[in-house]
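**Student:** Please model the complete structure; the sequences and the hints are all you need to start from.
Below, each chain spelled out in residue letters.
Number of protein chains: 2
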Amino acid sequence: MTSYKVMMLAYHSDPSMIYGKETGGMNVYVLELSKALAKQGHSIDIFTRQIDSKSKPVKIANNVRLIPIPAGPYVHVSKHKLHLYVKDFVQGIRKFMRSDNVYYDIIHCHYYLSGLAGLSMKKSLSSAPLLMTFHTLGMMKNLVARHSLEKETQYRIEAETHLSKRANHIIALSDKDRDYIQYLYDVPKNKISVISPGVDTKIFRPINKMTAKQAIGADFHHKLILFVGRIEPLKGIDSLFYALKILFVQNPKLKKKVCLWIVGGDITQQKSLWSEELKKLEKLRYLLGLQTQVVFVGQKPQNKLPFYYNASEMLVMPSHYETFGIVALEALSCGIPVISTHVSGISRLAEDSKDLYIIPANSPIDLADQMAKILTDTTKYKKIRHILIRQSKHNISWDFVARHVAAVYAAFFSTAVDKLVAK
Amino acid sequence: MTSYKVMMLAYHSDPSMIYGKETGGMNVYVLELSKALAKQGHSIDIFTRQIDSKSKPVKIANNVRLIPIPAGPYVHVSKHKLHLYVKDFVQGIRKFMRSDNVYYDIIHCHYYLSGLAGLSMKKSLSSAPLLMTFHTLGMMKNLVARHSLEKETQYRIEAETHLSKRANHIIALSDKDRDYIQYLYDVPKNKISVISPGVDTKIFRPINKMTAKQAIGADFHHKLILFVGRIEPLKGIDSLFYALKILFVQNPKLKKKVCLWIVGGDITQQKSLWSEELKKLEKLRYLLGLQTQVVFVGQKPQNKLPFYYNASEMLVMPSHYETFGIVALEALSCGIPVISTHVSGISRLAEDSKDLYIIPANSPIDLADQMAKILTDTTKYKKIRHILIRQSKHNISWDFVARHVAAVYAAFFSTAVDKLVAK
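Protein chains in written order, with full-length UniProt numbering: chain A, 1 to 423; chain B, 1 to 423.
Hints should not be assumed to be uniformly reliable.
Pairs of lysine to aspartate or glutamate residues, derived as DMTMM-like cross-links and limited to a Cα-Cα distance of at most 20 Å, are as follows [claimed, not checked]:
hint, chain 1, residue 1, chain 2, residue 2
1, A, K304, A, D266
2, B, K253, A, D186
3, B, K257, B, D377
4, A, K189, B, D369
5, A, K141, B, E277
6, A, K141, B, D377
7, B, K373, B, E313
Hints were generated in silico from the structure; no laboratory data involved.
If you're wondering where the values come from, they're calculated on a predicted model, not measured in any experiment.
**Tutor:** Rendered as structure tokens:
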């Protein structure tokens, strides 16, 4: 098998952060994909913007290096300003390539900002095909954001439109993602491959519920409903609060038994420093009288998440837009039922998995109905967790994902390279 | 039959505006309900905030008076500031009652601001039951607005919560409306009656498509898709634009045949003075390359609307939240198929009407699919329009609505008045 030297661009978010507090789906995707590609003999350098003056290139697995590149200040920078330092990022990569004497066969960009960096890199690596994974799409974010099209956003959409034309190939994370790229960005269907994310089934596995509850300090008598994700309006957490309120009005006995745990968001600081969305949710918690039934748990590292999943009765993903929804896969891999809105990429798995329930977005009554069904379905917890067997059948391991991605890479180097790589 | 003297409070929006440009569902509801109640022998005074220094009490039908009351400046005032003048409004009504020597049996309030006025009126009319029709709910608006809970909004939600407790009875416009009032505002189910709006089947009736197209100046060869409503984010017009774009990518031949007409919004002024949402949509129209396929028609008076409905292939109501969605009823009454999101109150009619199609909100691909089906279903336009017969069967006339509302009024005056009216 041919092995490739891959430049993986993760400009705006450092994938190694999943070992700390940040557990975003994109970071998991980039890191796990890179590791799995490396296991198959490819060599991966992940480039990310340096946010700590002391950080250095580090080997994070055999054949996987994480290389921080100085670009802009050594602090967190708002997404709306990050495009200002893309040029520095590209120059930094070129400098690294010279000093390390390294060349790449493939440029694989994650998120549009990395795409912009990738386009510039083509000047130095003109024979390397440019692959694009958007992760989220500006046009779809706008649809759910309910805000005016700001200048910044217009910039992002124009950049994505440009990248859709210029990239040699696009990897979409789900059928829905593919459809929107195809229809809204005018991309020919054959220029897009759908490759869903995977899950590390060694980490995300069934664990005894009581063991898991003990590990996270949860009351043995409580039934936990779990949310995992960033605290952002498009995650629809307010809808979940409404649903919980409705659940309790409809089933008053559950009010003493059921708790909603929100994993995500920085709750380590004073409340006055909380994000706008977290403050809004905190107000809503009180407005709906859910003070004791909703717990903000804060961010948790990736290796602690299996305990949260396994301690819970279900994961709820009430998003207004979700390119895929990797946390749903993690929960299913632990044998935990998932309620997801119809807008997530994972919703297509509904036909395959009896542990996945699909509801319309923004419909707290439907969500409450579905939560009540799972909470009162006692057989659900008696049955043996067949889920992992089903998963291996569906090939959702990262090795499987990496093989598919490598096949996309390989297509550029089989025959008629010039034709394929030509713009 | 007993006849009642009803104080109809429409503080923030003058129902007579439907004869001009404003065609909001609430104005239609208050005016048509009042006229229908009057026909049944009741006597209705509609009080509204005076926005023109010259306007005077006017008889708008037999037994229906519209009485403008000075409260705040004689200009349009932002909804967020209107609560400041509720007190003046109440004093003005008291003054009118003294000079006119009139007393009321019922206080029926529309929208929470009128509810606040109604609560104050109880001091003068302690024996009159207070009836509340919310029309829209602050908590549901917040759910779709994707904004932080601002102070104003918090005020509205608290007011609605207070009114839910203090009103003697609540009239909900749909089953969904009732559910949300019951669950989110903690109102006992038996304190809420569901009475859907009606439609004036004499005005909204089938008309020959070519006659209708001629009346509105539409190209005979174009197939029209129609949107009717206020230009506001929660109406989901951006989602409709995306769907149109998708429709054209999937069916390129339709691009020369199909036009989307947007009825609503003030487009009479310079573009620089357009509302933020209208500007956003104008940008989106260009971004998606729909310059010639989307037409902003502007506001149209109620009596012109039947021509727009009849000239169209379908009405699309892509709202994120809609207490009922009276325009859908108007379109159906003209025999025009309607695509509505699952969040509208009218969605429950889907089982009854083959001309009503329900899709999830925020799902342009589903919307495009549904539009394509209607546009390519040629038998749809050959079949005789049975819709009016079906409607009379379903009793959606305003007379039917008024009889139900009067029955709610009557419940307070049958037996045990004191017990019923007691707080």
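**Student:** Now tell me, hint by hint, if it's right for this structure.
**Tutor:** Here is what the structure says about each hint:
Taken as a hint, the A/K304 and A/D266 pair is honoured in the structure, with Cα atoms around 16 Å apart against an allowance of 20 Å. Under the criterion of a C-alpha separation no larger than 20 Å, the hint pairing B/K253 with A/D186 is consistent with the structure, at around 16 Å. About 15 Å separates the Cα atoms of B/K257 and B/D377, which keeps this hinted pair within 20 Å; it holds. Proximity of A/K189 to B/D369 is assessed by CA-CA distance (about 18 Å); at most 20 Å being required, the pair is judged to hold.
Pair hint A/K141 plus B/E277 holds up; C-alpha atoms about 16 Å apart against a cutoff of 20 Å. Distance restraint check for A/K141 and B/D377: the Cα-Cα separation of roughly 33 Å exceeds the 20 Å cut-off, and the hinted pair is therefore not satisfied. About 11 Å separates the Cα atoms of B/K373 and B/E313, which keeps this hinted pair within 20 Å; it holds.
In this structure, only the earlier hint numbered 6 is contradicted, and the remaining ones agree with it.
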